[in-house]
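Enquirer: Each chain is listed here by its residues.
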Amino acid sequence: MKLFWSFTRQAFHNTAVYRVEFWIRLVSILLAMYSIRAVWQTLYTQRPDAFGLTLGQMVTYGVLGMALHAFIDTGSEWYIATQVRTGAIDTDLLKPIDFHVHMLARNLGEMLFGMGVMALPTYAIGYFVFGLQLPPDAGAAGLFALSVLLGFLVQFHLGFLLGSVAFATLDIRSIAWAYFAVISFFSGQMVPLWMFPDGLRAVAEVLPLQAVYYIPMSIYIGTYSGPEAWSALGFQALWALTLAGVARLAWHQVHRRLTVQGG
Amino acid sequence: MIHVEHLTKDYRRVKRREGLFGSLRTLFSAEYEPLRAVNDLSFDIAEGELVGYIGPNGAGKSTSIKMLCGILVPSSGRIEVNGLVPHKNRMANALQIGAVFGQKTQLWWDVPVIESLRLFRDIYKVPEPVYRQNLEMFNDLLGLHEFRDAPVRQLSLGQRMRADMAAALIHNPHLLFLDEPMIGVDVVVKERLRTFIQQVNRERKVTVILTTHDMVDIEKVCSRIMIIDHGQIVYDGDLDRIRERYGTTRTLVIEFEESVPDFDAPHARLAKSEGRRKWFAFNRLETSPSALIAHISARYPVADLAVEEPDIEEIVRTVYRGGDPQEAAR
Amino acid sequence: MNPISLYLRLVRIAIKARMQYRADFVTGILGVIVMNVVNISLIGILVSRFADLNGWTIWEVVFLYSLWILGHSLFSLFMWHIRTLEDYLVQGTFDQFLLRPASAFVLFIGREVQYLGIADFAIGASGMALAYSNLRLTWGPVEWGFLVLAILAGTLIEMTLTLMISSIAFWTGRSRRANGLVMQVNVMVQYYPVDIFGAFFRVLVTSVIPVAFMNYYPALMLLGKVEHIGAWWPLAYASPVVALVMVGLAAGVWQLALRQYSSAGG
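Protein chains in written order, with the working numbering: chain A, 1 to 263; chain B, 1 to 330; chain C, 1 to 266.
Just chain A, with the same shape it has in the complex (with noise of 0.2 Å):
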């Protein structure tokens, strides 16, 4: 617990000496959401009944996407993989804490920074100018930001598995921007997953990457709401449960094999 929020405090402390990142980073945030409403406003005037959806829910999903995003990913990819390149990983190897909690705890730590630096400012504006919606009530309040928790376990687990699996490539880079291409697509981030052709959609429905943004952004439009949102929860949770085994396992391996061939 400790740990945790050290990691918390010093994701802060960062940032502070770093002042102009903070701005840039909110910029950035207000750019996404600035964007996506452009392209739903567009689409709805040439078609405003193709979708089920009223134009202020299809914003509001794609402009929570947006913030979600700046968030939930804390390129948990990149800390592993620099660190085998550079060597360093042995002295967090060397650290009495085991490496998956340690790497969790930072991580999380990152993600609830940044939402409790920047979460009211870049809500409040996403409310005021960009047409962000309220959810529905306080209990799909409740069960949005649970569901938010889970989705960042889930993708902090594929990063992490990426990390582990690919830290053998030299150049990890475009392998990851591949995977996330194909994340980000299936996830539903910025194209809600019913809109998917049939092909595509069947397959988006079975995979786990919804749980990353579909689901809690659904939950929150209120298109999950009652006994469909807990089961949509359970299906978050059952994933990051198993991408934590199958990320812990990964790494595992990673790690038998640099202490055999010492890195």
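Do not take every clue at face value.
[What the hints assert, rightly or not] If you anchor each label on the Cβ, the simulated ranges turn out as follows:
(1) B:286 <-> A:101: 41 to 49 Å
(2) C:247 <-> B:191: 51 to 59 Å
(3) B:223 <-> C:264: 34 to 42 Å
(4) C:260 <-> B:223: 53 to 61 Å
[Said to hold, decoys possible] Cut-off 27 Å, straight-line C-alpha distance, at most; resulting in silico cross-link-like pairs (DSSO-like, lysine-lysine):
(5) B:190 <-> B:88
(6) B:125 <-> C:16
(7) B:104 <-> C:16
(8) B:272 <-> B:220
[Claimed, not checked] Partial pick of chain A residues on the chain C-facing surface, computed with a CB cut under 7 Å:
(9) 25
(10) 91
(11) 100
(12) 102
(13) 105
(14) 118
(15) 178
Note that these hints are calculated values from the structure, not bench results.
Virtual Cβ for every residue (Gly too), placed ideally from N, Cα, C.
Since the structure of chain A is provided, determine the placement of chains B and C on it from the hints.
Expert: Same frame as chain A, now just chains B and C:
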């Protein structure tokens, strides 16, 4: 050759505010505090001198060297290298200097050493016969031919250093900066590099400024030593004096098998005694560790031992205090 | 050694160096291709549900995308590492450029090449070919000539922009986020025709971060849609001029940056 007069360099650093709210405030407005890295430095170095430039980390060494290279602009004061003001004539100055950095190579990592050398030959416009002659010399003295076709990333540290040395001298500079060039290098290569430096200095009158933490480098290679601390020169002079007074004290640490009373050994002085351990300070010109150990172990059984060198920080501190070399052993 | 021949020598060495890592070549190329295909599919899905995006049909959107990528690919091949300037500063490698009797700028930009630009080029070329045939375009020498100019202008615009933003690192030590921000704006322009955005954004990507000149404005000319911008029609032909202006600006910023570096240190 090098003329430095009242050289000063100030930096601005963001003041770090305490606590969480302090950090928040820094987000909106930052306060700066001045940091004086180099403080009124003045010295002259003649052509062909071999100068050891030492001081603790953060003393202002790299700042002053960067100014000599023309990378950094002084806050005030005069600086001239062979009549040129480095920061005003960066490229012209670059032609007459060479540098080797212990931590970082200047060669391209993934291509053969010789490729980097060829490129430098062309950048510095070294005439072909001079280039070939230098390569010959590097082959002889540094064994360059053994690894010239290997990419730098495949070289051992010692080989890399030798390659960097070659690269620094390929264009016959008048002035050579060596920034901790021997770190991590094994003794054999160290000796080779030292000899090389001396030869180049002697035959080509290359002025050398050597930064190092190893007193042996200084002792074997340099004729003059400059000590810098907190941005100021605290000692500038002959090596012999330093050698006599400060550089020769060693400490032999003995752990006895059981607690023994204090005693003195010939040519050594008991500096400290703690439990079963005793620290004996001695002048290595007067006696050797083995002689001491022989004498001591004859008196009492020895469980473990170690020889401590006085580190640069100690010497600098001593010099700064203007103190007794015997005191330095404590 | 004059700057051009120095640059060519450096690039030769950089290519040799990059060839040492051939193992990653295939995965890298595949990765980029997958990423681009996925991204354009996303737009494809959206646009297919509606006939078009503010008057831009799916193949016109592909054209827009491809034109951007072609300019980007050359940047990606030769200049991508400009973004990592902050690393050069932090690790002290930049100092070495200042130790040589040559332009630090040339030494820096000639330092690396990235093979991923090849994948970008392949995607851009294929996309452009597909769009050309599906849109049944018929270009004369003027259009082909302008295409080449537009691509080169695009490369220069992205390069100068990246250089100026990365130079922030000389003052603040970091430029990663700023680069990310500009990249974000750049990506918005890559996928979406600028006219779907409001006036503020359009002004932003036309005059402040002129990435709209990488694809949107030249596309108007090449696709015969210049009337979209009415009285502003000269902009459709202006990308080479904009590129030159950016070069001038970037040169100025670089000089300031070097001066900053030599006074404030590493």
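Enquirer: So, for every hint listed, does it hold in this structure?
Expert: Outcome of the hint check:
{"no.": "1", "hint": "B:286 <-> A:101: 41 to 49 Å", "in the structure": "58 Å, violated"}
{"no.": "2", "hint": "C:247 <-> B:191: 51 to 59 Å", "in the structure": "53 Å, holds"}
{"no.": "3", "hint": "B:223 <-> C:264: 34 to 42 Å", "in the structure": "35 Å, holds"}
{"no.": "4", "hint": "C:260 <-> B:223: 53 to 61 Å", "in the structure": "39 Å, violated"}
{"no.": "5", "hint": "B:190 <-> B:88", "in the structure": "36 Å, violated"}
{"no.": "6", "hint": "B:125 <-> C:16", "in the structure": "23 Å, holds"}
{"no.": "7", "hint": "B:104 <-> C:16", "in the structure": "21 Å, holds"}
{"no.": "8", "hint": "B:272 <-> B:220", "in the structure": "30 Å, violated"}
{"no.": "9", "hint": "25", "in the structure": "6 Å, holds"}
{"no.": "10", "hint": "91", "in the structure": "18 Å, violated"}
{"no.": "11", "hint": "100", "in the structure": "26 Å, violated"}
{"no.": "12", "hint": "102", "in the structure": "23 Å, violated"}
{"no.": "13", "hint": "105", "in the structure": "23 Å, violated"}
{"no.": "14", "hint": "118", "in the structure": "13 Å, violated"}
{"no.": "15", "hint": "178", "in the structure": "4 Å, holds"}
The structure is inconsistent with the numbered hints 1, 4, 5, 8, 10, 11, 12, 13, 14, although it conforms to all the rest.
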